[in-house]
Structures are given as C-alpha cells and as structure tokens.
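Single-letter residue listing:
There are 2 protein chains.
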Amino acid sequence: MSNMNRQWILASRPKGLVTPEVLQLRETPVPELEEGQALVRVKYLSLDPTMRIWMSDMAQYMPPVQIGEVMRAFGVGEVTESRNADVKKGDKVLGLTGLQEYALISGKESRGFQKLPSIPFLADSQFLGTLGVNGLTAYFGLLEVGKPQAGETLVVSAAAGATGSIAGQIGKICGCRVVGIAGSMEKCKWIKEDLGFDAAINYKDADWKSQLVVATPAGVDINFENVGGEVMQAVLDRMNLHGRVVLCGLISGYAKEDPALASFGQVLIKRLRVEGFIILDYVARFADAAKQIGMWKMSGKIKDKQTTLQGIEKAPEGINMLFSGGNIGKLVVEV
Amino acid sequence: MSNMNRQWILASRPKGLVTPEVLQLRETPVPELEEGQALVRVKYLSLDPTMRIWMSDMAQYMPPVQIGEVMRAFGVGEVTESRNADVKKGDKVLGLTGLQEYALISGKESRGFQKLPSIPFLADSQFLGTLGVNGLTAYFGLLEVGKPQAGETLVVSAAAGATGSIAGQIGKICGCRVVGIAGSMEKCKWIKEDLGFDAAINYKDADWKSQLVVATPAGVDINFENVGGEVMQAVLDRMNLHGRVVLCGLISGYAKEDPALASFGQVLIKRLRVEGFIILDYVARFADAAKQIGMWKMSGKIKDKQTTLQGIEKAPEGINMLFSGGNIGKLVVEV
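Protein chains in written order, with this note's numbering: chain A, 5 to 339; chain B, 5 to 339.
Wrong hints could be hidden among the right ones.
All copies of an identical chain are treated as equivalent in the list; a pair is satisfied when it fits inside any one copy or across any two copies.
[What the hints assert, rightly or not] Taking lysine to any residue pairs in the SDA-like style, the calculated list, with each CA pair at most 20 Å apart, reads:
no., residue 1, residue 2
1, Lys96, Glu148
2, Lys208, Ile332
3, Lys213, Ala63
4, Lys274, Tyr286
5, Lys318, Arg45
6, Lys119, Ile13
7, Lys193, Ala203
8, Lys19, Ser267
9, Lys274, Ser60
10, Lys305, Ala293
11, Lys213, Met62
12, Lys274, Trp58
13, Lys260, Asp241
None of these hints come from the bench; they were simulated from the model.
All chains, please: the whole structure from these sequences, using the hints.
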C-alpha cells in the first residue's frame with residue numbers, strides 16, 4: 005500500500021503542558037499486512053486527561069508510553085483490510101488505536117479491540133465517551149464506590165467534563181441532590197439547565213467557596229472527585245460524617261511538576277472513606293454497565309455533548325485544552 | 005470541704021505548642037456535693053495528641069473545649085465521697101475527668117464514667133492506655149478498617165506510641181509482617197526487640213526512606229497512620245494495589261498552624277482505600293474488645309510501656325512531649 009500514516013510520537017517526557025518537544029508528528033507508510041493482522045482506518049480519537057499520566061514515567065496503573073513509541077490513545081475506526089479471522093473489512097472497532105491515522109490489529113498483541121455494535125441514535129464516537137471509558141468510569145465509580153442513596157448530596161468536580169457530566173446525571177437518577185463544580189458560566193449553564201444538576205458552581209468566581217456552602221445546606225455525602233488540590237479541599241471541608249470520596253482523577257496536578265497537595269485532616273476528623281478508582285478493575289462487568297448506560301441514554305435520562313477537533317494535527321493542543329478547561333463534554337479528534 | 009482543687013484551664017487557643025498563655029493553673033475549693041454527685045480524686049491523667057485538637061476551635065469530632073473551661077482529659081481516680089446511687093466511696097472510675105485533681109461525677113451530665121474492674125497484673129493507669137482509648141483504637145482501627153490478612157505487610161507510624169505500639173503487636177498476632185516507624189534508636193530497639201516488630205525505622209536517619217524500601221520488599225498492604233505529612237507520603241509511595249490506609253492520626257500537623265499536606269496521587273493510581281478512624285464510632289463494642297486485649301496482655305502477646313510524669317503541674321510540658329516525640333509508650337501524669 006502506498007498510503008501514508010501520520011502518527012504522534014512521544015519524543016520526550018513533558019514537564020508541564022504538551023509542547024512541540026513532547027509529541028512529534030511522523031509520517032510512515034502504512035505497513036503491508038501479515039497473516040493474522042487487520043488494518044483500521046481511525047475515525048475518532050479520544051483525548052483524555054490520563055494521557056498526560058501515560059506520557060510521564062511516574063509509577064502508574066499501566067506501563068508508561070516509551071520514548072519513540074506512538075502515543076497511546078483510545079480510538080474508533082473501520083477495518084479497511086483484514087487477514088485476521090476475527091474481523092472483516094467494514095467492521096467498526098474500538099480500542100487502543102494510538103494517536104495515529106491507521107492502526108494494526110494483530111492476533112498476537114491483544115489491544116483489547118472490540119467490535120462496535122450498531123445502535124440507533126448512537127454515534128460511533130459516543131463509544132469513546134458516554135458508552136466508553138467515561139460513562140463506565142462514572143457508572144462504577146459512583147455506584148460501586150460512592151454507593152449513593154436517595155436524598156444524599158453529591159458534589160462532582162470537573163462536572164462538565166466527559167466523566168463528571170455523566171456521574172452527576174447518574175446521581176440524579178439515584179435521587180441525590182447533585183452539585184457540579186466547573187470552570188465557566190457556559191459549562192455551569194449546561195449542567196444545570198440541560199443536564200438537570202441542582203446547582204452549578206463556577207470555581208473561577210471569587211466567592212465560589214461560599215456558593216458551595218449555600219449549595220450544600222445539608223453538607224456533602226459523596227464527592228466524585230476529578231480535580232484534586234484546592235477544589236477537592238473545599239469539598240472535603242463540606243463533607244458529612246462518614247462521607248465517601250470517589251477519587252477518580254486529580255487533573256489539577258497532572259500537568260504540573262508538583263502534585264496538587266491537600267490535607268487529610270478532614271478525612272480523619274469526619275471518618276471519610278476515600279477510595280482511588282480506576283476503571284480497569286471492572287473490565288469483567290463492562291457489558292452490563294454499557295447496556296444500562298445505553299438505555300439511560302436512549303430514554304433521555306443521560307445527555308452528553310462532544311467537543312470535536314478536526315484533524316489529527318490538533319491532538320496536542322487538544323490534550324492541553326483538557327488542562328485549561330477549554331472543552332465541554334467529551335473531547336475527540338475527528339481524524 | 006476545705007481541700008483545694010488544682011485545675012488546668014484553657015485560657016487561649018494555641019498557635020503551635022502549648023505555652024503558658026494557653027493553659028493556666030487555677031486553684032479553687034473542692035465544691036460541696038449536691039444530691040446525685042460524687043467526688044473523684046484523680047490518680048492518673050492521660051495525655052493524648054488529640055488534646056491539641058480539642059484546644060483548637062477547628063471543626064472536630066467533639067465540641068472544642070471553650071475558653072475558661074477545665075481542659076478536657078481522660079483520667080482514672082477513686083471516689084472519695086458520694087451522694088450518687090451508682091458509685092460509692094472507694095470505687096475506681098475512668099472517664100473524662102478533665103485536667104484537674106478532683107472531678108465531679110454528676111447524675112445529670114453524663115461524662116461516661118465507668119467503674120474499673122479489678123484485674124490481676126493490670127495497673128489502674130493501664131485502663132487509660134492499653135485497656136483504654138489507645139488499645140481500643142488500635143484494635144478496631146486495625147481489625148475493622150485495615151482488615152489484615154496473614155502474610156500481608158503492615159506499616160505503623162508513631163510505632164512506639166501508645167496506640168501504634170499496640171496496633172503493631174495486633175498485626176503480629178494476625179500474622180502480618182510488621183514494620184514500625186519511630187523517632188529514636190531507643191524506640192526502634194523497643195518495638196523490634198521487645199514487641200517483636202519485624203523491622204523498625206528511625207525517621208530521623210537521613211536514609212530512612214531507603215530503609216523503608218528495604219524493610220518492605222513486598223510493598224505495603226496496610227498503613228496504620230498516626231503521623232501524616234512526609235512520613236505518610238513515604239508509606240503511600242510503598243503501598244500495593246488496593247492497599248488500605250487506617251487514618252488514625254496526623255500528629256505531625258496538630259501543633260502547626262498549617263496542616264500537614266500530602267498528595268492523593270498514590271491513592272488514585274493504586275486504588276487505595278483511605279479511611280478516617282475515630283474510636284467514638286465503636287463505643288457499643290468496647291467491652292468485648294477490651295476483654296480480648298486484656299487476654300492478649302495477660303498472656304504476654306501484647307506488651308506496653310508507660311512514661312509517667314509526676315505532678316499535675318507537668319501536664320502542659322507533657323502534652324508538648326507528644327509532639328517532640330519525648331515519650332515512649334503511654335504518657336500519663338501521676339497526680
């Protein structure tokens with residue numbers, strides 16, 4: 005084949021945001037298929053805060069991406085050619101395609117590719133967000149770790165993000181009072197008016213901590229935490245006795261040299277249960293959860309929004325947008 | 005009665021350690037008993053890090069001590085006079101006597117006084133430590149929150165303290181590898197040679213973090229945390245996937261204006277469960293636990309040590325000793 009494949013290569017480890025030294029665009033010929041391989045034309049790539057962790061060499065929950073490798077990313081695409089018995093030309097698949105235009109599915113190295121079902125009302129890219137990692141993270145994190153009860157107060161940070169927006173809506177389905185913390189008026193308007201959050205707080209307002217107190221008159225029973233640092237601290241200060249913190253992300257610290265620090269004092273005094281949560285631990289139960297989320301989605305109980313960047317060349321600036329709060333809902337690159 | 009009662013009064017809230025402005029010694033006449041009251045001559049007073057929290061006006065798990073009140077403290081003593089049907093002269097009792105020589109037991113205001121059983125081999129003051137708040141804290145914190153399994157590695161900080169020393173020994177009873185962190189060679193020698201800890205690390209050694217790595221070759225499954233800040237951070241860095249942190253104290257931050265901060269990053273990446281723990285939540289089960297601890301104590305499976313200060317005038321400097329690491333084992337004042 006004479007097609008060229010554009011790939012984002014991890015060229016060096018980032019210190020702060022992603023710079024031109026960190027990710028470099030390389031063009032290589034699309035390889036000839038060997039027996040057992042299939043070629044996927046990537047259509048949508050998922051941009052996720054956790055990619056910033058994968059770029060670093062800190063101890064983490066998957067091996068770090070090595071220097072010189074294609075940057076790891078989830079993507080959906082279509083099989084254009086197959087010498088693999090499991091997939092045929094035209095199949096739509098989801099998996100760790102990497103940040104590139106073409107990905108190889110190999111019989112040997114399982115990247116956990118799965119075929120996309122064809123479901124009315126669902127766009128392919130939604131399998132990267134609401135029906136994918138973000139929806140599943142919100143589902144298991146809130147239900148299994150947070151254990152919400154009707155009438156309890158749930159606070160979600162990064163509430164207009166791909167995961168937070170769904171966590172809040174599942175909280176509403178469970179009968180909770182749901183308060184979201186986000187970084188712009190537009191985001192706050194979306195989660196309150198369209199998604200049905202009971203209150204939304206813009207942490208860029210000077211008086212946002214007072215707003216949080218007003219919005220949580222009965223304190224906070226569950227914190228679905230995506231941000232860390234000062235935002236988390238303010239929510240911990242509002243927690244009730246024996247409250248639960250679903251520690252899903254600490255995005256405020258990912259793109260900094262120093263991690264976001266917070267005090268464990270409230271955890272002690274209020275006997276909170278804080279649990280780190282990563283979706284990898286629930287792989288065996290993905291199918292059932294995705295089915296439930298899909299039903300909520302189709303019945304209108306869960307809504308979502310997508311910010312779409314056009315062209316793979318936008319991927320690095322897209323990753324940085326996650327840390328500056330530039331996107332609403334799920335951020336994807338249309339390749 | 006013409007006896008005088010010396011009392012330590014909370015005169016102002018401390019900023020760091022306890023200074024002469026914070027606790028002031030007052031002499032008042034021992035009051036005449038009213039119907040329903042009994043008078044207790046305090047024999048031993050318990051000095052505990054949590055007293056520093058009670059002195060502050062931060063939100064906490066009990067009401068802060070008010071300015072002008074007798075400082076709150078646990079004590080044991082003997083009833084010298086009684087107009088209360090529940091206790092008679094000569095009874096030994098345990099409760100929140102306050103930091104004073106004489107305490108009133110009143111029918112109305114229940115301070116939860118309880119009569120001390122008379123048990124061979126157990127000194128009265130041990131009901132303040134091993135058989136009291138410290139032993140119960142170690143027991144419920146480790147067993148209910150930490151849930152130790154044989155073969156797991158347990159790290160205890162402030163391991164030569166009244167609570168940590170017992171938590172480590174209960175860990176050994178459960179079949180754990182137990183590593184203690186303490187602040188002097190003498191303390192390390194005691195917990196390793198006398199109490200049977202598998203390893204003891206002096207955090208004042210320059211290379212203590214490397215020592216911790218060597219002492220935990222299979223990582224850390226349970227952290228019984230009493231200290232917080234840098235000590236806690238180093239242990240979190242050694243935690244295994246799905247490890248448990250029994251957050252029992254954060255003593256490194258109690259006597260400072262700024263709380264000891266730490267990163268929640270490891271909690272997320274390793275999906276740790278961190279639970280704040282305060283013994284108040286287990287009051288209903290104290291009797292059974294104390295019986296078990298007493299049996300371990302009498303069979304030699306749990307050993308303890310007491311640092312005794314002579315005279316109630318020593319109480320403030322005793323409280324400060326807790327933060328400078330001056331005591332080994334339980335710190336009490338003999339009144």
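Comparing the hints with the structure gives:
no. : hint             : in the structure
1   : Lys96 to Glu148  : neither (30 Å within a copy, 48 Å between copies)
2   : Lys208 to Ile332 : within (16 Å within a copy, 49 Å between copies)
3   : Lys213 to Ala63  : between (33 Å within a copy, 17 Å between copies)
4   : Lys274 to Tyr286 : between (29 Å within a copy, 14 Å between copies)
5   : Lys318 to Arg45  : within (18 Å within a copy, 77 Å between copies)
6   : Lys119 to Ile13  : neither (26 Å within a copy, 72 Å between copies)
7   : Lys193 to Ala203 : within (10 Å within a copy, 56 Å between copies)
8   : Lys19 to Ser267  : between (25 Å within a copy, 18 Å between copies)
9   : Lys274 to Ser60  : between (34 Å within a copy, 16 Å between copies)
10  : Lys305 to Ala293 : within (15 Å within a copy, 48 Å between copies)
11  : Lys213 to Met62  : between (32 Å within a copy, 17 Å between copies)
12  : Lys274 to Trp58  : between (34 Å within a copy, 15 Å between copies)
13  : Lys260 to Asp241 : between (24 Å within a copy, 19 Å between copies)
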